[in-house]
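Q: So you can see what is in the structure, the chains are spelled out below.
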Amino acid sequence: MLAVATLPDAITFAIAAVIAVVGALGVVLSRNPVHAALMLVMTLFGVAVLFVEENAQFLAAVQVIVYTGAIIVLFLFVIMLIGVDREERVFADGFNARRVLTFFLGLAMLAEVLLLGHQRWVTGAHSVTGTLHGAAANVSDLGHAIFTTYLLPFEVTSALLVVAVIGAVVLARRHAIGGETAERPALAAGEPGSGAGTDDASPLFEGAPSGSGVDQ
Amino acid sequence: MSVSPTWYLVLAAVLFTVGAVGLLVRRNVLVMFMCIELMLNAANLTFVTYSRALNDVGGQSAVFFVLVVAAAEVVVGLGIIVSLFRRKFGATADDAHILKG
Numbered sequence: 173m174l175a176v177a178t179l180p181d182a183i184t185f186a187i188a189a190v191i192a193v194v195g196a197l198g199v200v201l202s203r204n205p206v207h208a209a210l211m212l213v214m215t216l217f218g219v220a221v222l223f224v225e226e227n228a229q230f231l232a233a234v235q236v237i238v239y240t241g242a243i244i245v246l247f248l249f250v251i252m253l254i255g256v257d258r259e260e261r262v263f264a265d266g267f268n269a270r271r272v273l274t275f276f277l278g279l280a281m282l283a284e285v286l287l288l289g290h291q292r293w294v295t296g297a298h299s300v301t302g303t304l305h306g307a308a309a310n311v312s313d314l315g316h317a318i319f320t321t322y323l324l325p326f327e328v329t330s331a332l333l334v335v336a337v338i339g340a341v342v343l344a345r346r347h348a349i350g351g352e353t354a355e356r357p358a359l360a361a362g363e364p365g366s367g368a369g370t371d372d373a374s375p376l377f378e379g380a381p382s383g384s385g386v387d388q
Numbered sequence: 172m173s174v175s176p177t178w179y180l181v182l183a184a185v186l187f188t189v190g191a192v193g194l195l196v197r198r199n200v201l202v203m204f205m206c207i208e209l210m211l212n213a214a215n216l217t218f219v220t221y222s223r224a225l226n227d228v229g230g231q232s233a234v235f236f237v238l239v240v241a242a243a244e245v246v247v248g249l250g251i252i253v254s255l256f257r258r259k260f261g262a263t264a265d266d267a268h269i270l271k272g
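Chains as they are written, first to last, in the working numbering: chain E, 173 to 388; chain S, 172 to 272.
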């Protein structure tokens, strides 16, 4: 328990945990997607600090570099590319039955996860084949494990990345395979609401020209 | 002596629950995606915690693979979202409920 931990460790854990939880709540509750992304960065930094605290230095570095350096930047690019950086009223329809149900589902889920965590599914026996050798040897431990024990999953991972890149390219193509342009087919069909981009979205969004609803 | 693994597991459970509730509550597809990342991070924290508690490198290796898969997932997911926005119009998941282009 906390009493056993030394004071600097306990303080570091407490601060990082508070940062992570506040960031997580910020992701869920913030009305602007850009703010949500920045709150996610906060959570990721908190978790990275906890990784360092748990002697996983390499993963902490990868967490910061890959997650906040690449993934969140990608998120922000997409947010600004498709122009949804307007504010959403998170609780626009008030606390109706569905929201209340979701809240209780979340509480039940938390209880279940905590209950499951309380069970002792693991034997508690320490590893004999893949032991860790402290903070200084973290990178060599991990590298050794990945390139010997987990070599096949590592190679499959590279195949997965190639497939993901190809999939992204295929998804981003503007034209369909058969030469027919796939650009805004809804315009030709004349469907209602197929007009100017995201501007005629639901009144859930502030600043939409439909403009029904009042400010919060 | 650092903090007991129990506290880390409780924190991971809280983060996971916040992410799951966010996935259910929010309607913006991008924010829903971020909530999935939140849940992935909670799972990663659990992996690293058990890796420390059992002194086993396997947990950290699993986190490594989770990071790679998360990156691939984000690339494809954001590609789908962009192409969805290109032909549809809404920013919410409800606007894509027909799943027709």
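If you're looking for bench data, these hints aren't it; they were derived computationally from the structure. You may find that some hints are simply not true.
Computed spacing ranges between beta-carbons, pair by pair [what the hints assert, rightly or not]: (1) Arg258/S - Ile338/E: 17 to 27 Å; (2) Gly315/E - Asp265/S: 22 to 32 Å; (3) Ala264/S - Leu279/E: 37 to 47 Å; (4) Asp265/S - Leu277/E: 15 to 25 Å; (5) Arg258/S - Val337/E: 33 to 43 Å; (6) Thr177/S - Ala307/E: 43 to 53 Å.
Nothing here was measured: the structure is a model prediction, and the numbers come from that model. All C-beta atoms in this analysis are idealised placements derived from N, C-alpha and C, irrespective of residue type, glycine included.
Q: Hint by hint, work out which the structure violates, then give me just those numbers in ascending order.
A: Going through the list in order, the structure violates hints 2, 3, 5 and 6 and respects the others.
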